[in-house]
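Protein chains: 2
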Amino acid sequence: MDVEAYVRQLGQQARAASRKMMAASTADKDKALREIAVAIDAQRQVIQAENARDLEAGRASGLDTALLDRLELNMSRIDGMIEGLHQVASLPDPCGEITELNYRPSGIQVGKKRVPLGVIGIIYESRPNVTIDAASLCLKAGNASILRGGKEALHSNQAIAKCVQAGLARAGLPEHAVQVVETTDRAVVGALITMPEYVDVIVPRGGKGLIERISNDAKVSVIKHLDGICHVYIDANADLDKAYNIALNSKTHRYGVCNAMETLLVHEGVAAAILPRLAEAYSAEGVELRGSAEALKLLPNIQKASEEDWDTEYLAPILAVKVVTSFDEALAHINRHSSQHTDSIVTENFSLARRFIAEIDSASVMINASTRFADGFEYGLGAEIGISTDKIHARGPVGLEGLTSQKWVVFGDGHIRQ
Amino acid sequence: MDVEAYVRQLGQQARAASRKMMAASTADKDKALREIAVAIDAQRQVIQAENARDLEAGRASGLDTALLDRLELNMSRIDGMIEGLHQVASLPDPCGEITELNYRPSGIQVGKKRVPLGVIGIIYESRPNVTIDAASLCLKAGNASILRGGKEALHSNQAIAKCVQAGLARAGLPEHAVQVVETTDRAVVGALITMPEYVDVIVPRGGKGLIERISNDAKVSVIKHLDGICHVYIDANADLDKAYNIALNSKTHRYGVCNAMETLLVHEGVAAAILPRLAEAYSAEGVELRGSAEALKLLPNIQKASEEDWDTEYLAPILAVKVVTSFDEALAHINRHSSQHTDSIVTENFSLARRFIAEIDSASVMINASTRFADGFEYGLGAEIGISTDKIHARGPVGLEGLTSQKWVVFGDGHIRQ
Chain A
1 MDVEAYVRQL
11 GQQARAASRK
21 MMAASTADKD
31 KALREIAVAI
41 DAQRQVIQAE
51 NARDLEAGRA
61 SGLDTALLDR
71 LELNMSRIDG
81 MIEGLHQVAS
91 LPDPCGEITE
101 LNYRPSGIQV
111 GKKRVPLGVI
121 GIIYESRPNV
131 TIDAASLCLK
141 AGNASILRGG
151 KEALHSNQAI
161 AKCVQAGLAR
171 AGLPEHAVQV
181 VETTDRAVVG
191 ALITMPEYVD
201 VIVPRGGKGL
211 IERISNDAKV
221 SVIKHLDGIC
231 HVYIDANADL
241 DKAYNIALNS
251 KTHRYGVCNA
261 METLLVHEGV
271 AAAILPRLAE
281 AYSAEGVELR
291 GSAEALKLLP
301 NIQKASEEDW
311 DTEYLAPILA
321 VKVVTSFDEA
331 LAHINRHSSQ
341 HTDSIVTENF
351 SLARRFIAEI
361 DSASVMINAS
371 TRFADGFEYG
381 LGAEIGISTD
391 KIHARGPVGL
401 EGLTSQKWVV
411 FGDGHIRQ
Chain B
1 MDVEAYVRQL
11 GQQARAASRK
21 MMAASTADKD
31 KALREIAVAI
41 DAQRQVIQAE
51 NARDLEAGRA
61 SGLDTALLDR
71 LELNMSRIDG
81 MIEGLHQVAS
91 LPDPCGEITE
101 LNYRPSGIQV
111 GKKRVPLGVI
121 GIIYESRPNV
131 TIDAASLCLK
141 AGNASILRGG
151 KEALHSNQAI
161 AKCVQAGLAR
171 AGLPEHAVQV
181 VETTDRAVVG
191 ALITMPEYVD
201 VIVPRGGKGL
211 IERISNDAKV
221 SVIKHLDGIC
231 HVYIDANADL
241 DKAYNIALNS
251 KTHRYGVCNA
261 METLLVHEGV
271 AAAILPRLAE
281 AYSAEGVELR
291 GSAEALKLLP
301 NIQKASEEDW
311 DTEYLAPILA
321 VKVVTSFDEA
331 LAHINRHSSQ
341 HTDSIVTENF
351 SLARRFIAEI
361 DSASVMINAS
371 TRFADGFEYG
381 LGAEIGISTD
391 KIHARGPVGL
401 EGLTSQKWVV
411 FGDGHIRQ
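Protein chains in written order, with my numbering: chain A, 1 to 418; chain B, 1 to 418.
Worth flagging that the hints you see were computed from the coordinates, not collected in a lab.
Here a beta-carbon is modelled for each residue, glycine too, at the ideal position from N, C-alpha and C.
Treat the hints with care, since some could be wrong.
With a straight-line cut-off of 25 Å between C-alpha atoms, the simulated DSS-like cross-links for lysine-lysine are [as the list claims (entries may be wrong)]:
1) A:Lys-113 with B:Lys-162
2) A:Lys-31 with A:Lys-20
3) B:Lys-112 with A:Lys-219
4) A:Lys-242 with B:Lys-219
5) B:Lys-151 with B:Lys-208
6) B:Lys-151 with B:Lys-162
7) A:Lys-113 with B:Lys-112
Under 8 Å between C-beta atoms, here's a sample of chain A residues computed to sit facing chain B [to be verified]:
8) Ile-108
9) Tyr-255
10) Ser-370
11) Gly-376
12) Asp-413
Take the sequences, apply the hints, and build the full model.
See below:
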């Protein structure tokens, strides 16, 4: 198979489809989403049969239990896909609004219109339900998409793709508005990320390694989602009950997620009052603590943190703890070690809260709230394609608007430039 | 000289300065801009003496007249720099505004705050006044900048850099908020565009070759400004006087600019009525026409256009002319050959105007207006760092807002995620 030629064809088809999608009505896009849901509901048996083939192959090739679990499409996950489609259909259309339409001194009217990005490539790993997730968000935002899922989920993804095709056809939208790559050849990724003439943006969903590889080689813009080394800083002016709840929730609500706290900073003025109490609660949850020298004085039984710990995203029940002597030391530590994903301060001091907001350069900056809130649904985006750690275009949780662009519209009456 | 180490040092210094700039007040930033203007006014003699060294070296190395002209800092250009600084100082601060701050069902408040991007690298060519232009816009938006000018302007740029330093110092802002590269070693560019840990965005200002090289090699986000193959389409329903004025202005107002029309499309229904009249006017202005077969029937004296002409940015008094049989043919031609910079339709038909806006995928889409309006000043941005042909982040004319980002702010009262 000539992978380059195959991807080029997908790209050309996607570009052509994206022209039509640009002019598609909200009603047609929503109809397609609902028809895809109908098709999935009707094809449950087929989808599960194809998924069983993937699961069998996965077991034969020695996939571990966690990966096999992610690969499985049981009835409740199929329900989830159907529900997700209806949810996206009921969200407002992110495209079409013209804003800031004003007359200029020359007499022309100038405004900005929100429009689809064009063609979006999504590269993801083993979970086949991401296929519906990604397809539905791209479709709602008026984009054509090329979806390249994990090789373990090939049959499941192809079965889902057929339902997507059926839904697009019933709504009269172009069949190439969503294309699911049909080969597991890894060269597809390399080709997809280097065809800026056909692909406008790449959204990789997966581990840090995948995303770094793609970012390094891409000639197309990438909406990156790298690591989450998130901090909670308990200030000297913190309400200690709030601090206790937030520090516990930020770490223990879920471990393997990018918005979990990985380092806890505590002002020396309140360290003795809060740290032993927190340590007890963490211990009960099975969280291992690694402390700075000052932290060890209060918690003599924990391990000493190495320099490396301050730069580690554990994604596990491990937490680095540092006692700091001032707000400024906390600020400097965060700005040096944070991955600029999400950082939170616990304080009752108004001026320090304002400074934290102004001086912490992270995608989400929080006052008296758990880092676990950094999430598209919690922020009210309705849906989330990922959490961007980039500064340009889309930052933090990315919803439908992150899959759009704005173009300038100019209205005149024969106006020329003097 | 170890260029890599030198650029790394610039980067570290810029990153540290950007942290302080993030918290700098609007008053301090504006004071710095005005103090830089004062310093330039006081140093006119020195700047001109250093500029004379560059001019002399340029003449000795055989620079052509056009380049020497761009290099020269005469009194009126120095006046222009001073005026530009005052203009940027009087623009509203693009940063600080918190929008969409709403309560969520969980009880947290979530909003978006407009903030500086961080560190911006600007790579430009021979005109030394770009140094002030770029420095002032980056500074106003709260960014630290690293400016790498053309080697021909080294002494001029260093003299200007001293004035910038004086102004920053008088306003109490960090000296590394603006750094002008002190070497002409071309390896600086290669280092600058591959240090995402220190540089957030690169803005190349120069020819297409420079920008393509940078985009290809960059590991940092690039705000690209590629070519402008702009179209005017005269529809069958056009007011022919408006069409005449717009077609003439879009081509002949200036030739070497990216928003000049390069291809004129005319509906066959009005071609006989408008093309000979336009051809006469173009001829009087010295514009060479290259026509499609149908255009040649009406204008037998012009050259035939080759396929290549439809994809050429002439930046010169040359214009490709095509007669089309329908609105859809015009649409297809533009979406195939446009560089997605600026395209305009001349029509009195409301429905076709709406379709043109919806279906042309360009950064600026115009109805009954000259393509020459695609410009930051004409659009009311107050200033322009460039015109982006990208779709993500900033599209079309890029003003101060394009040099900023948005971060999420979350306010709680001890809120945790359930």
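Cross-check of the supplied hints:
1. Distance check on the hinted pair: Lys-113 (chain A) and Lys-162 (chain B) sit about 42 Å apart at the alpha-carbon level, beyond 25 Å; violated.
2. With a C-alpha separation of about 16 Å, the suggested pairing of Lys-31 (chain A) with Lys-20 (chain A) holds against the 25 Å cut-off.
3. Using a Cα cut-off of 25 Å, the hinted pair Lys-112 (chain B) and Lys-219 (chain A) is violated, with the two alpha carbons roughly 30 Å apart.
4. Using a Cα cut-off of 25 Å, the hinted pair Lys-242 (chain A) and Lys-219 (chain B) is violated, with the two alpha carbons roughly 41 Å apart.
5. Distance restraint check for Lys-151 (chain B) and Lys-208 (chain B): the Cα-Cα separation of roughly 18 Å lies within the 25 Å cut-off, and the hinted pair is therefore satisfied.
6. Using a Cα cut-off of 25 Å, the hinted pair Lys-151 (chain B) and Lys-162 (chain B) holds, with the two alpha carbons roughly 17 Å apart.
7. For the proposed pair Lys-113 (chain A) and Lys-112 (chain B), the alpha carbon gap of about 20 Å is at most 25 Å, so the pair holds.
8. Hint status for Ile-108 (chain A): holds, given a least beta-carbon distance of 5 Å to chain B, under 8 Å.
9. Interface restraint check: Tyr-255 (chain A) against chain B, minimum CB-CB distance 14 Å, threshold 8 Å, status violated.
10. For Ser-370 (chain A), the interface hint holds, the least distance from its beta-carbon to any beta-carbon of chain B being 4 Å, beneath 8 Å.
11. The criterion of a C-beta within 8 Å of any C-beta in chain B is not met by Gly-376 (chain A), whose closest approach is roughly 11 Å, and the hint is violated.
12. Because the beta carbon of Asp-413 (chain A) sits about 6 Å from the nearest beta carbon in chain B, less than 8 Å, this interface hint is met.
In the structure shown, a violation is registered for the earlier hints numbered 1, 3, 4, 9, 11, in ascending order.
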